[in-house]
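Chains as they are written, first to last, in numbering that gives the first Met the number 0: chain A, 0 to 159; chain B, 0 to 159; chain C, 0 to 159; chain D, 0 to 159; chain E, 0 to 159; chain F, 0 to 159.
Heads up, a few of these hints could be off.
For identical chains, the list gives no copy identity; a pair is met inside one copy or between any two copies.
Calculated pairs, DSSO-like style, for lysine-lysine (alpha carbon to alpha carbon, straight line, at most 27 Å) [unchecked claim]:
no.: 1; residue 1: Lys142; residue 2: Lys52
no.: 2; residue 1: Lys52; residue 2: Lys70
no.: 3; residue 1: Lys41; residue 2: Lys70
no.: 4; residue 1: Lys52; residue 2: Lys149
no.: 5; residue 1: Lys70; residue 2: Lys142
no.: 6; residue 1: Lys158; residue 2: Lys70
no.: 7; residue 1: Lys70; residue 2: Lys86
no.: 8; residue 1: Lys158; residue 2: Lys86
no.: 9; residue 1: Lys70; residue 2: Lys149
no.: 10; residue 1: Lys158; residue 2: Lys52
no.: 11; residue 1: Lys86; residue 2: Lys41
no.: 12; residue 1: Lys142; residue 2: Lys158
no.: 13; residue 1: Lys86; residue 2: Lys149
no.: 14; residue 1: Lys41; residue 2: Lys149
no.: 15; residue 1: Lys52; residue 2: Lys86
Read the hints as simulated data drawn from the structure, not as lab findings.
There are 6 protein chains.
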Amino acid sequence: MELITVTIDNPDGLNLILGHSHFIKTVEDVFEAMVNGVAGAKFGIAFCEASDKCLVRYTGTDPELIELAQKNAYALSAGHSFIVFMKDMFPINVLNAIKAVPEVCRIFCATANPVEVIIARTEQGRGILGVIDGFASRGIETKEDMEARKGLLRAIGYKQ
Amino acid sequence: MELITVTIDNPDGLNLILGHSHFIKTVEDVFEAMVNGVAGAKFGIAFCEASDKCLVRYTGTDPELIELAQKNAYALSAGHSFIVFMKDMFPINVLNAIKAVPEVCRIFCATANPVEVIIARTEQGRGILGVIDGFASRGIETKEDMEARKGLLRAIGYKQ
Amino acid sequence: MELITVTIDNPDGLNLILGHSHFIKTVEDVFEAMVNGVAGAKFGIAFCEASDKCLVRYTGTDPELIELAQKNAYALSAGHSFIVFMKDMFPINVLNAIKAVPEVCRIFCATANPVEVIIARTEQGRGILGVIDGFASRGIETKEDMEARKGLLRAIGYKQ
Amino acid sequence: MELITVTIDNPDGLNLILGHSHFIKTVEDVFEAMVNGVAGAKFGIAFCEASDKCLVRYTGTDPELIELAQKNAYALSAGHSFIVFMKDMFPINVLNAIKAVPEVCRIFCATANPVEVIIARTEQGRGILGVIDGFASRGIETKEDMEARKGLLRAIGYKQ
Amino acid sequence: MELITVTIDNPDGLNLILGHSHFIKTVEDVFEAMVNGVAGAKFGIAFCEASDKCLVRYTGTDPELIELAQKNAYALSAGHSFIVFMKDMFPINVLNAIKAVPEVCRIFCATANPVEVIIARTEQGRGILGVIDGFASRGIETKEDMEARKGLLRAIGYKQ
Amino acid sequence: MELITVTIDNPDGLNLILGHSHFIKTVEDVFEAMVNGVAGAKFGIAFCEASDKCLVRYTGTDPELIELAQKNAYALSAGHSFIVFMKDMFPINVLNAIKAVPEVCRIFCATANPVEVIIARTEQGRGILGVIDGFASRGIETKEDMEARKGLLRAIGYKQ
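In isolation and in its complexed conformation, chain A is listed as follows (with noise of 0.2 Å):
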C-alpha cells in the first residue's frame, strides 16, 4: 500500500462537496438533494463506480461543473467516492440533504479552500483516507477577532 496526494483541480475556488456512498443511484439521488435545495442550482456530480464497469458516473445541470467534477473524480478514481462542484449557491444550501441521501456514507469536506486529498492505493484499487482542507492555523482568535467574526455573521445575515 502506498499513500499518494491528488490536489483538487479547481481554477476558480469554487465550492464542492466530497464524500463517499455506495450505489450509482447516488448520482441521482444527490442531484434531486441538490435541484430541491436550491431553485436553478448550478452544479456537476461525479462518481466513481467501484465494480462492474466502474465508470465515472455524471450528471448535473452545467456543462463546465460537469467536466470539473468528471476530470477530479476521475483523478481520485476512488471506489465509490463523489465529488460536487457547485456555483451561485453554498455547501450550506445542500449539505444536510446531501448528508440525508440513503446511500451516502460520509462527507469529507465542503469548500472554497484548496483541497489535498491523500490517497490510500494498492493492487485492488484507491480509497480517499482524509482531506488537507486550507491551512494550517495560524494562531488563536482574540477579543477583536472574535467580535469581528461575530459581526461578519450578522452582517451577512446568518445571525441575528
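Dock chains B, C, D, E and F against the given chain A, drawing on the hints supplied.
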C-alpha cells in the same frame, strides 16, 4: 505509528457496513435500527469496545453472519469501530437509520465490494484511516453507459 | 506529504467530540446544538479556520474547557476541524444535533478514551486522516460478558 | 364549514400511512422512500393534487394496493393529503424516510387499525383535522400487562 | 368551544409554511433555517407567543413579507403557531430544515394555494385543528395525466 | 361524531410533549430518546394502545410523573396518542430525538402552558384534532419587545 492494510474477509460478497461509534450501547442500538428497518432482517454486528475489557461485542439474528462480523471486527481491532454483515437486504434499507443512531460517529463504507481497510497502529491502539472500496475508475461513462445506468435503476424499480 | 501523530491533551479524561466542518459559523452553531441539548451544558469548542486569518475560533460556557479546546485545536491545526470538550454530560446527549448542524461534514470520534490523531502534513496545510480511539481489542465477549454488558446498560438506565 | 367523518376502506386490515404534503412530486418521492426502505416493497400511493387539475395522483408496485390508495384518497378528497397502503412490510420500516421527504409536512397516522378521518368541508375544499386511529382506552396496564408487553417486543425480535 | 375558519390573507399567492412550535426562540431558529437554506432568501416569519406577553413575534429579510406574516399570525392568534411567507424560493428548499428546528412540533401545510385554517376557540385561547389547502379532488389521473405529470417534473428539472 | 375538550391536568405547570405514534414499542423508544438526550432525565410517559387490550401503556424514571402521564393519557383515551411529562429539563432537549423515533407520526405540542385538547369522539373511538396551547395573541411586538426578546435568549445562553 505504522500503517497496515487489513482485507475484509467476506467470501460470499455479502453487503457490509463499516463505521465508528462511541459506546457499547452501539451493539443494541444498531441491532434495533436493523430490525426496525427490515422485517426478518438477517445480520450480524460486532463492535470493538475501546476501553475497560476491550472485547469485541456482538449480536445479530443469524449465527453465520454474527461469526463473520466477530472475525472481521477482531481482525480490525480498531477501538470504537463496528461492522455489520447482512443477507437478503441492502445497506440502503438501513443506512440512514444507522447514521442516526445517537452514538454513531461516521460510516466508512457500505458495500458488497472487496474492501481493504487502512489502519494506523501505535503502541496505544489501532484506528481506521479509510477504506479501499472496490476498484479504481477505468474511464468516464459515455452517453450509452448513462442510458444503461438510468435504465437499470428503473428496471430494478428504484426510480420511475 | 508526511504523517504525524498528535496526542489529544485531555488530563482528566473528559468526553470530547472531534469533527470536520466548513465555515466559521460552526462555532456558533455547535454552541447552539450544545445548549439546546443540555440545560446548563459545560463545554468549550474550538474550530480551525482554514482560510483568510486561519485562526483557532472558539466559544463555550466554561473557561477551562474553552482553554482545553483551544490548545488541542491549535495542536491539530487541521483546516476546518473542530473539537468540543464537555463536562457533566455525554456525547450521546448532543451528537445527533451536532451531526445535523448544516455545515458539519463528519465526526471522527466522540470519546473519553485517550485519542491519537493521525494527521497528514504538506506544504499547504494539515488534515486529519483518522483517530486511534482507546485501545485495541483483546478478545471476543463470552456469554457472561454479554450478560454483564446488557445488565450494565439496564442498571444505568439506558435500556429497559 | 362543516365537519364530516370518512371511514377508511381497508377490508384486509392492511397497514397504511396517511399524511399531508405540498407538491405532486410527493408521488415519486414517497415511492422512492418505500423502495429504498424495503427491497421488493408492495404498496400503492395516492396523493390529492390541490390546484390546477386537482387529480388523485398515484403510483406503486401492486395494482390492488394502488387501487385501494386511489379509492381512499378520492373519498378523502383533502387537498395535499396522501395515503399509502402496504403489504408484507410495516410502517416502521419506512416512516422516518417518509417524514424526511422534503415536501412532506406531517403524518396523521400509521396504522393497521380501523381509521375514521375527521374532515372539514367548505365551499373552497376539504382538509383533514385528525383521525380516530383504533379504539379508546379501556384501562391502565398492570405489572403483568407490562411484563407481557416487554416480553412480546423481545419475542418478536424488536428489543433484546 | 367553538370552531372558526380563518382565511389566510395571501393576495399574491405566495408560498407559505404554517406550523406549531414551542418557544420564542422559534423566530430566530426558523430565520436561520431559511438563510442557511437559500442564499439571499426573501421571507417574513411571525410566531404567536402563547404565554407571558402573548405577542406576535417576528423577523425576516423583506418588510412586506414580514408584514404579511404578522397580519396573518395575528389573525390566527393561535398559541405557539408560526407562519412564514417567502418569495423567489420554494418551501421544498427549506422544509426539512424547518422540520428539524429543535423546538418545531409539526407543520400544518406548505403551499401557495388558498388556505383556510380551522381554529378551535375557547375561553382560554385558540388552536389550529387543520387546514383546507387548495381544492377538493375532481377525479383520478389517467395514463395521459400521469405521463404529463412525470414529464413536467423532468422538464422543470426535479427528476431525471 | 362529537367534539369534546379535555383539559390537561398539569398542576405544577410542568413541560409536556403530546404526540401520535403507531405501536406499543413507542413506550420503550420514547424512554430511550429521553435518557439518551438527558443524563438523569426525570419523566413519565404514557401511550394509548389502540387495539387488542387498548391499555394505557407507561414507563419513566419518576413515579409522580409516570402517574401524571397515565392519568392524562387515560383522560384523552385517544388511540395511538402519547404524552410525556418532564422535570428539570426542557422539551427542546429531546424533541428532535422524539420526532425521529421510527414509529412517531407527529407532535401536537411541547409546552408548559395550560393545554386544552380538542378530541373527536365516535362510536369507534377517540382522536386528537388539535390543541389550544396557552393563550391567544394580544398584539404585535414593538422594537422594544424585540430587543427584550433577543436579550433574553442571549442572557439565558441560547444565543450568542
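Hint by hint, here is what the structure shows:
no.	hint	verdict
1	Lys142 - Lys52	between (55 Å within a copy, 14 Å between copies)
2	Lys52 - Lys70	within (18 Å within a copy, 31 Å between copies)
3	Lys41 - Lys70	within (17 Å within a copy, 36 Å between copies)
4	Lys52 - Lys149	between (49 Å within a copy, 15 Å between copies)
5	Lys70 - Lys142	between (43 Å within a copy, 16 Å between copies)
6	Lys158 - Lys70	between (37 Å within a copy, 24 Å between copies)
7	Lys70 - Lys86	within (17 Å within a copy, 36 Å between copies)
8	Lys158 - Lys86	both (23 Å within a copy, 20 Å between copies)
9	Lys70 - Lys149	between (38 Å within a copy, 21 Å between copies)
10	Lys158 - Lys52	between (47 Å within a copy, 21 Å between copies)
11	Lys86 - Lys41	both (5 Å within a copy, 20 Å between copies)
12	Lys142 - Lys158	both (19 Å within a copy, 18 Å between copies)
13	Lys86 - Lys149	both (26 Å within a copy, 26 Å between copies)
14	Lys41 - Lys149	between (30 Å within a copy, 21 Å between copies)
15	Lys52 - Lys86	between (30 Å within a copy, 24 Å between copies)
Going down the numbered hints, you'll see the structure goes against none, and every one checks out.
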